[in-house]
Every structure is written in C-alpha cells, then in structure tokens.
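**Student:** Residue strings, one per chain:
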Amino acid sequence: MSTAQASELAHEHEEAPRASTRVYVEIAVVLTVLTVLEIWAFYVPAVQPILIPLLMVLSGAKFALVVMFYMHLKFDHRAYTAIFGPLLTLGAFIVIALMIILAYFLGAPPTA
Amino acid sequence: MAVAIPQEAVRGRENYLREGGLLSWLITIDHKRIGVLYGLTSLGFMGLAGIEALLMRIQLAQPDNHFLSADVYNQFFTMHGTTMIFLVIMPLGLGFFGNVAMPLQIGARDVAFPRLNALSYWIFLFGALFMYSSFLFGGGPDAGWFGYANLTERFFTPGTRVDFWAIGLIILGFSSILGSLNFFVTIVNMRAPGMTFMRMPIFVWNILVASILVLVAFPPLTVGLIFLVMDRFIGTHFYSTVAGATPILWQHLFWIFGHPEVYILALPAFGIISETIPCFSRKPLFGYAAMAYATALIGFISYGVWGHHMFASGMGPIADAAFSLSTMIIAIPTGIKVYSWVATTWGGDFVKNTSFYYALAFVIQFTIGGLTGVMHAQPAMDLQQNGSYFIVAHFHYVIGGGSLFAFLSGIYYWWPKMTGKMMDERLGKLNFWLICIGFNMTFFPMHILGLGGMPRRVYTYGAGFHWAFWNMFETVGAFVMGVGILVFVIAIIQSLMSAETAVADPWDGRTLEWSIPSPPPIYNFAEIPHVHSKDAFWEMKHGRAQESRQPAAQPEHGAGGHGIHMPAPSLFPILLAAGLALVGIGAIAWLRITFVGVLIVYLAIIGMGFEYGTYGEHPSKERGDDAFPLDSRKVGMWTFIGSESLFFASLIGTYMVYKGRDLVGPTAKEILEIPLTSFSTFVLLMSSLLMVLALAAFERGNIRAGRNWLFGTAGLGCVFLGGQAYEFTKFFREGVTLQHNLFGQTFYTLVGFHGLHVLLGVIWLLTLAFASFKGMVPKKRALAVEFGGLYWHFVDIVWIVIFSLIYLMDKVTGA
Ligand code: HEM
Ligand SMILES: [Cu+2]
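Line by line, the protein sequences give chains A and B.
Oh and the first sequence: position 43 is 43 in my numbering, straight run, nothing missing.
Oh and the second sequence: position 279 is 279 in my numbering, straight run, nothing missing.
Do not take every clue at face value.
Straight-line Cα separation of at most 27 angstroms, DSSO-like style, residue types lysine-lysine; simulated pairs [unchecked claim]:
hint: 1; chain 1: B; residue 1: K421; chain 2: B; residue 2: K541
hint: 2; chain 1: B; residue 1: K669; chain 2: B; residue 2: K730
hint: 3; chain 1: B; residue 1: K283; chain 2: B; residue 2: K421
hint: 4; chain 1: B; residue 1: K541; chain 2: B; residue 2: K283
hint: 5; chain 1: A; residue 1: K74; chain 2: B; residue 2: K779
hint: 6; chain 1: B; residue 1: K780; chain 2: A; residue 2: K74
No lab work stands behind these hints, which were simulated from the structure alone.
These figures come from a predicted structure and were not determined experimentally.
So that you can see chain A by itself, here it is in the shape it has in the complex (with noise of 0.2 angstroms):
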C-alpha cells in the first residue's frame, strides 16, 4: 500500500506542467467552434427536429473539454473524477426525475 501511494504522491506532484499553453489555446478555439455550431443550430430551421439531441452533444463536448483540460481532470489523480462523476450523475438524475415525474403530474403545458 505504501509503496503505491508513495509513486502516486509522486505522479501528484510532479512539476511538469500539465499542459503547454498551445494545448490550452487550442481547447479555447475548439470551444468556440462549438459554440458557433450551437447558435448556428439554433438558427437553422432544418436542424430543429434534432436541435435538442444535437445541443445535447455539443455542450456535452464543451463541458467535457473545460473539466478534463481547464480543470486537469485528465491529468490529475483519478480520484478526483471519482468524487465529482458520480456527483454530477446524481445531479443529472434529479433533473430528469423532475422532469419526468412532475410533466406527468401537471398534465400538458397550458401553452403547448
């Protein structure tokens, strides 16, 4: 045990940057293409039957890109995904729940 932990102390602290600013500049760029094809689905009326899987996607990639890069999740321990994955997966599920649960209590919107 001891030994284990003692070389993930090490990987912990190793001085290296985690990534080079390049890297970081590119994520920046990739982000923002994805952001403009996210508006430029929302503008595009032959998009609309699959805007909603489709912004599903995009912003899934964005979110994953900032946490495993911005945030080092990829780089760092991997404890750290196991504190926050399940915590965002719990909260995900209480969304849905929700949504679920309470749509079918309220009956159809007023407005639909």
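Start from chain A and add chain B with the ligands according to the hints.
**Tutor:** The following block gives chain B with the ligands in isolation, referenced to the frame of chain A:
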C-alpha cells in the same frame, strides 16, 4: 504476547480537556473538543425538545383537553420535530460521534480542516439559536418539520415564524455541508498508513456514507428553502397555483433531501452498534465486507426512494410503483445489517453492561421500525397509514428506539476515552430500563391508535373515538422515559465528579482509539500507527501483525509527542459564523445588518485563508510522509464543486419543470436574446482560457504574468456580469419581473444564482491578484490559484449547460 500499551493517563498540559482556560474553547480547533461542544449543545436541545414533547403528551392524555392551545401545540410539534432531527440526532451522530471517534479510529491527529470543523460547529450553534429566537418574536415556527407548501406561504402563515424556520434551516444546512465535506476528505485522505478502505472500522464506513449523503441531500433542500424565502419575502410564486406552479414541487425537493436525511440519522447509529456489539460479545463483527457494501448500497439507494413520502399526493401509478419497489429494495441491505448484528452476538461471551443493553435494544426496536417501514412502502397500505399515528410510531421506532438508543450505547462506550472516567453501571442499568420501558410504552400503542384512525398533528380529539386509554398510557410512558433521561444526566454528572480512573483500553477494544491514553493527548497519537489488518489494535495486542509492526515514527514525531506541531487555535471560525448569523438576522429585522454580516464573512474568510503561512502549499510534501497521496484541499474543492452541482441541478430541474407553463407572457421563447447571450458565453469561455494561463504562470513562478492573467479573467467576468445586468434591466422594462410569471421567477433565480457565483469568483480572483502584489502568492503557493481556478471553471461549465438548456432549447417547449 502483549504489547506495551501506555496505560498511564496523560495529565495536565497534554490532556485535551485540560489545556487552557474556558475561553480557549471559543477558539479551539481540536476535533475532540469540538465533538464535546457538539455533544453538550445537542443534549441541551434534546432537553428542550423533550420538554416540548412532554407538554404535548400532557395535552393529548385526555380527550377534548385544553392544556395547550392549538396554536401552541402546532409550534411545539413543529419545533419538537425540527429540533430532534436537525439539532439533536444529526449533530449527535455526525458532529459529536463523528468528531470524537472517527479521527481516532483512523489514526489521525485531527480532521483534514480543523478550522472548518470549528466553523461548522459555530454555524450550527448560531443557526440553532437563531431559529429558536423565533419564540421571542411572536411565537415559534408552526408549519411542521416538513414545512409543507402552500401552508408555509405568507398568505396562509403570516408573521415571522416560518421566516425563522426557513432561514434557520438554510444556515444549519451550511454547517452540515461544511462539516460533512470535512469528514469526507478526512476519511478519504487522512487514514493511517496501511488502513485501506476494507480495513476501516465499520463506524468510519458509516460516517463516510452519511457525510456523502449530507453533501448530496442538503443542496436540494437549500434550493427548496430559497424558493420558500423568495415566495415569502419578494412575492414569487414557486409553490402557489395562482401562477401555474404547484406546491408539490416543495414536497419533491424536501423529500429528495428528507429520505437521505433519515439515513443520515441512522447510519452513524449503525456504525456505533457495529462497534459495541462485537466488543461486548467478544467476537469480531460477522460479515465485515457485507456490512461495508450494505452501508454503501443504503447510501446509494436512499437517494431514489423519496417518493414513498408522497404516495398520497397523486404521483400516478408508474411513479408509485417505482418508488414502492426501490423502497422495498432498500430494506435488503438494511436487513443484511440486522442479520450481521444478530449473527455477531450468536454464541458470544457477553459483557452485560449498559452499552451492550442499549445496543441490543437498538437491534430489536430498529427492526420493528424497519418492518413498519416496509409496510407503508406499499402504496395501497400507505394511503391508510399516511398522516396517522402509525407513521409516528414508525419513525420514532427507527429514530428514537433506533438512533437514540445507539447513541446512548455509544456514549457509554466512548465515555471513558473522552473523559478518562468510568460511568456507574447501576445508574446505567437504571436509566436503561426506565428509558427502554418508557419508550415502548409511549410509542408501541401508537401503532394501534394509528390503525384505529387517529391522525397525527392534531392538538386534541373527541372522547367518542375511544382513543383515550392508549393516549393516557402513552403519556405515562413518556414521563417514565423522561425520568430515565434525568437519571442518565445524573449518571453523567456523577461520573464527571468522580476521580479519573479509566485506563486506556477498558473494554479490550479492537480499534485504534483504545491504543492511546484516556483522555487522549491533544495530538492523539504520539506515533502515527501503521495498520496491517482490520481490527488494527486487536492485532497489535493479540495478533500476528505484532512481529511485522514497523516503527512508524517520523523523525519529527519524537517519543512522548514532544515536537508534534498541532495547528494553532483560531478566532476566525466563530467570527465567520457570527457574520453568517447576522446575515440571517438582517434578512428578518433590518437589511443593513445583512451587509455588515456579509462584510464580516468576507474578512473572516480572507483572514482564515492567509492565517497560516502554509496557505496554498503542498502539506504532504512538507510533512514528508507518504500517507496522503492527494492534497486534502483539492479533494475538498472537488467535493464542494460536486455538491454545488446538485444545487444547480435543483435550480435547473425547477426551471425545466415550470418551462412553458406560464399563464401570462412574455415567455422564454418570446424574450430571450440569443446574440447577446452568445457573446457573453464566448466571453466566459475565454475567461477560462485566461484562468488556466494564470495558473500555469504562477506554477512557473512568473508572478507578474500570472497576476495579469488573473486581472484579465476577472475583467472578462465583469463583462459577463455587465451583459447580464443589461439583459435583466431590459426584461424588467418589458414587464418580466420575478413576480410576473413562472418564466420570470425561475429564470432570474437560476441565472441570478449563477451570476452571484460569477461575482464571488471575481472577488476571489481579485483578492488573489492583489495578494500577489504583497508577495503572498509565490510559486510554492500556486495551489491557492488552482483552487480559485477550479471554482471559476465550474462557474463556466454551469453556464455551458444553462446556455444550451435555457437559451437555445427555448424553441421547443415542454421538452
Ligand atoms: C427499512 C427501512 C425503512 C423503510 C422501508 C421506511 C419507509 C418509510 C415510508 C414508506 C415512510 C412514509 C410514510 C408516510 O408518510 O406515509 C416513512 C416515513 C418516515 N420514516 Fe421511514 N423507512 C425506513 C427507515 C427509516 C429510518 C432508518 C428512519 C430514521 C432514522 C426513518 C424515518 C422516517 C421518518 C422521519 C418518516 C416520517 C416523515 C414525516 O412524514 O414527517 N425511516 N418511512
Ligand atoms: Cu423515507
């Protein structure tokens, strides 16, 4: 072969109880002392809640009684429940037992964040006093501990009673979240070398899972309470049907919290029993691994059963069936636990002391409560039982006969360790029998009354129902129990006045706390132990681990504990907590006080941040031991962010639920402006780039560049806020106010809370930037920047979700 156990007590300077005068308790950050403070406070509130209960029982003893008015009765049942749950059982389980026993059991010198620990306590105390002060200003809260909407709306309950309740609970929630975050990080990261998860004492497992539950359960409650406060103070309609909303939303938010909460109350009790039953049966715990997994499973499932409190609300057959099923499934891991305890006692060589008696009574009573729980997990049956005394019987068996009895077992068990004194066994047996008989006399007949139709939460009943006999019987029982509690208090006082005679290991214990003197020295362990198996101390005393036991002493940890550096006491926790209380007082009394409170909070946070020179450094590096693979503060930060995700999830969920249900326009579809928001989104994304560049610069030691990037990040944050201010004013001009329609209230609340986070982030980053001018953020403290950065990026990812879910998807209603 026996190992030398330091049987001589540590007296004088090094005994944690003796160090310093009375005032030193105000600034203490020692987990043992904080535990004692929690214990005393909770016992005090237990006295109050007990008196409320006895008065209610007198009122109910006879039909058509007028001892208490209906109004006073409502205040008492509300505050009795609220007090027992939030101010007694929860702080006893986590705050008291968690603090007193957990760090010792994992072989740590303290919790991960000692000052945060003190902060949790002071917030708890002030929050509790704040809530109780309601009685001085026109009566106590009176809408039930569950505070069902829309009874809690200002129209139905005017005055300040519910205000005290709701704001008090928000304050108490802060305390619970901070405390649990601390415990979580401590257990994840501070265990003694060699103590893997599967070697942790079961008590620690239970504290771990209970802490996680607090972190996931309190954010939805806080959101629910914020809506309530908004409804009451600024006239929004989150829970009122006049605007197309529904009071049922409150029930969901409350019970998403509420059911995990009952396990927050139960798990520490399970943990205690899993220590005392093996110890006094003189056998190892039966099925350790099953017990550990069952604990984790209970925690997990308990998040998906809340609807069983709402069968009567008409959720529909599918939701009813799903919640019924999940509730019955949760009985399985619970049953595994009961089975393990029973099997542990099988063929045991019992030590028949008070602690063991309480533990056995726990197992029986908790099982009765669990079984009635499975009964009303069945929706058809629950419709009969819901709102009746049968429910009152159920939860008193699980919380009173369960948690409380386990806590009494735990107090008798750990008392010698905490105080260095023994408790009298004759008084112990006396209080056990009085409490046990009194408890069952009071609560068992409630099953009968409940099935006979007696409703809960009524202040009196007619003679024609034939409920009088059992009610009188229960009242007598309640007084027997009350006498038992008095005897218990006498036993405590008697023990405190006796001479210190407890040895280090009076019960021949299995876990590490028994390897150090009673009461423990301030630093707990002179040498940090190395652990080779579960039941670590037992192995040291009796087992094979003996030979391989390595001396674990670090060079700086000399024998006898000299030269161990414990962090200095701090004034900031109590200051910060007082500031927070002022915020609450101001909200009710005079808004200006709120701003003073906010200022105090801010200054105290800064003071706390820079109080120790090690701010933002790698502590493990400096300590040079290999026990901590992760940085505690970073674990804490990620946990905090995870908990915050649930806060935003509750806000977003509410937005989605009410989306498209406005009774009047303009709605999201008609008013949201995509071009402006696209620009803001871009700005926030770029700020994240600057933030990560700032961190890289600080890590390289290029402070000037780092500072400039920080200013850049904060600047972009301000641009974003400016955009939001513009958007809000524009909507206001078009008539969309917070009170106007569902869109207005949910939109401003969600986006506004996000904006508030941006604002806090800007303040945080600017504080760091200015501190760096003074050389307070050198290269070796780059972690300080990393924490601010994590928070900042979190705000960014929340916005990524809001942008697509709220702004871009608005074309599709009801999605
Ligand atoms: C086998 C485990 C359990 C099951 C299946 C279960 C089931 C239930 C159900 C179905 C209800 C809702 C009844 C109604 O309002 O109509 C309920 C209420 C309640 N339960 Fe349990 N329960 C269990 C364990 C616990 C534990 C361990 C605690 C606390 C330590 C607890 C505390 C409560 C409380 C406080 C209420 C009433 C809330 C209120 O209406 O004010 N339960 N339980
Ligand atoms: Cu429940």
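**Student:** For each hint, tell me whether it holds in the structure or not.
**Tutor:** A quick look at each hint next to the structure:
1. K421/B - K541/B: holds (23 angstroms)
2. K669/B - K730/B: Since the Cα atoms of K669/B and K730/B sit roughly 15 angstroms apart, the hinted pair holds (cutoff 27 angstroms).
3. K283/B - K421/B: Holds, at roughly 25 angstroms.
4. K541/B - K283/B: Since the Cα atoms of K541/B and K283/B sit roughly 15 angstroms apart, the hinted pair holds (cutoff 27 angstroms).
5. K74/A - K779/B: Holds, because 23 angstroms separates the two Cα atoms, which is no more than 27 angstroms.
6. K780/B - K74/A: holds (23 angstroms)
The structure fails none of the hints (numbered hints given earlier).
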